[in-house]
Amino acid sequence: MNAYEKVSAARAKDRFTSLDLINAVFKGFLEMHGDRYYADDKAIVTGIAYLGDIPVTVVGIEKGHSVKERTMRNFGSAHPEGYRKALRQMKLAEKFHRPVICFVDTSGAYCGIGPEERGQGQAIAQNLMEMMTLKTPIISVIIGEGGSGGALALAVANEVWMLENSIYSVISPEGCASILWKDNTKAKEASEFLKLTAEDLLSLQIIERVIPEDKTLIDTLRSQLMMAVQTYQALPPNELTERRYNRFRRIGAVDR
Amino acid sequence: MRFETPKNPLEGHGKPIPCASDIVMASQIVCDRCKKTLTLDELESQMHICPYCRYHFQINARQRIHIIADADTFTESDKELTPHNILAFPGYDEKLAAARLQSAESDSVICGACEIGGHKTALFVMEPFFMMGSMGNVTGEKITRTFERAQAENMPVVGFTVSGGARMQEGIVSLMQMAKTSGAVKKHSDGGNLFVCVLANPTTGGVTASFAMEADVVLAEPHALIGFAGPRVIEQTIRKKLPPGFQRSEFQLEHGFVDNIVDRTKQKKYLAQLLKMHSSGPRTERSEQDERL
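Top line first, the protein sequences correspond to chains D and Z.
Residue 158 in my numbering sits at position 158 of the first sequence, and the numbers go up by one each step.
Residue 419 in my numbering sits at position 163 of the second sequence, and the numbers go up by one each step.
In short, the hints are calculated from the structure, not lab data.
Even for Gly, the Cβ is constructed at its ideal location relative to N, Cα and C.
Only true hints are included.
Straight-line Cα separation of at most 20 Å, SDA-like style, residue types lysine to any residue; simulated pairs:
| no. | chain 1 | residue 1 | chain 2 | residue 2 |
| --- | --- | --- | --- | --- |
| 1 | Z | K496 | D | G112 |
| 2 | Z | K442 | D | A253 |
| 3 | Z | K376 | Z | R318 |
Listed next, the stretches of chain D that the computed footprint assigns to chain Z, with coverage defined by at least 3 CB atoms under 8 Å from CB atoms of chain Z:
| no. | segment |
| --- | --- |
| 4 | 192-205 |
| 5 | 242-249 |
Incomplete in silico selection of chain D near chain Z, CB under 7 Å:
| no. | residue |
| --- | --- |
| 6 | G112 |
| 7 | E116 |
| 8 | G119 |
| 9 | A125 |
| 10 | V170 |
| 11 | C176 |
Build out the structure end to end from the sequences listed, making use of the hints.
Pasting the structure below:
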């Protein structure tokens, strides 16, 4: 598959969503709603579930399947309250020593009047800052689209993985083409240059792992998550956060 | 090569903004906001603020440092770091060359340390004439180092942001700078150190969604555009015109996202007092003078 075919696969309407994966990978998912400030953002689902027999906090950006559900989920584009809900759950995870697993699938944080009035930028910034020093393991998996700041706000993690046909990018190929060539139909060309496929990002050392999308997907994801969670749970909290900081610190670092 | 390189290397830099060289060439300038005609002398004597409507024209980072730092106290760090076309992105080399010409800087931020009203502080100032202040890996690295140095020396950080957001031509690496800088801000903050950020026109995208909004005290210049998504993108998404004043400093103050709007002529005194209020050091003659605002 070329880069644009990956983009199409990541966006495919019949692709599994976060909730599909949550229900398959974990057991006993209890969904928790609301950010306690303003509303419950249905583009982000949060809750507690069992990974094997370990309770974990789960955060997922949910696009939905039917037209009705997709509209209700705002097509997986979160408002500030979604990011604040996620952070609230992550803080609870820290309190109760639960690892955090994030599933990311968004074309981006929502652009609109409401999100700007309620501080979309501030909400994302808060997550980046707080996740960096959260004293519990965080593993983020890009399961479909990883769209810019709205994706990164749930991907400041000890490890970031991508499913084989997912993408992760600073801008959509259409947005990039429209800026570069004032022509958003050249998205196909733009997607090659953005280096947004899982393979590209693995070789750029932006992510740790690519999970193959074959029939072993669920079992692989579950067993890899269990292994990772156990590894990071064994670390003292300071080393856990220090490793997370250094993971991002080295990206784009220039030799001194 | 499948793509044409833009004929004019300055193409795609957005609408022309009055920069230093334009101002030198034109002795008369029309205010972007109130449309009154101003002379160059009028503008320069007023820190590039329109005397009629207080519109704050963009100024370059060196001019800002000149306004804010005590005379001869600014020492620059990491000036030698220059961005490269890390992803071999089409047209980026040309854009970098044009940006260097336009701004006479090597990247979109100038970092270092200075004194403000006699108070030592780390300082970073973004440069609007270098690719609209966009954040690439060198920008992120320089800002991260500024916070790391300040943390090691228990110094406050004062920052000025002017940015269109992450630099598309560096792809995912520029996105990651949001996380990297945020981590450095958090560590500096956890060390009990002060961070004051002044948001200038425009502060948008990945800069708003990282260090700009992470300061202990967030200030804004009057009428600056501050937001996550740019107004054009929002209008395209919602297919409606945005109300006047949307995402301006005054709107952000109203909605609780900035602590205060501070006119450029008052920023130095304001910052000096803030720094003094957060310093446990001894009172000096100079800081007593500054107290009388």
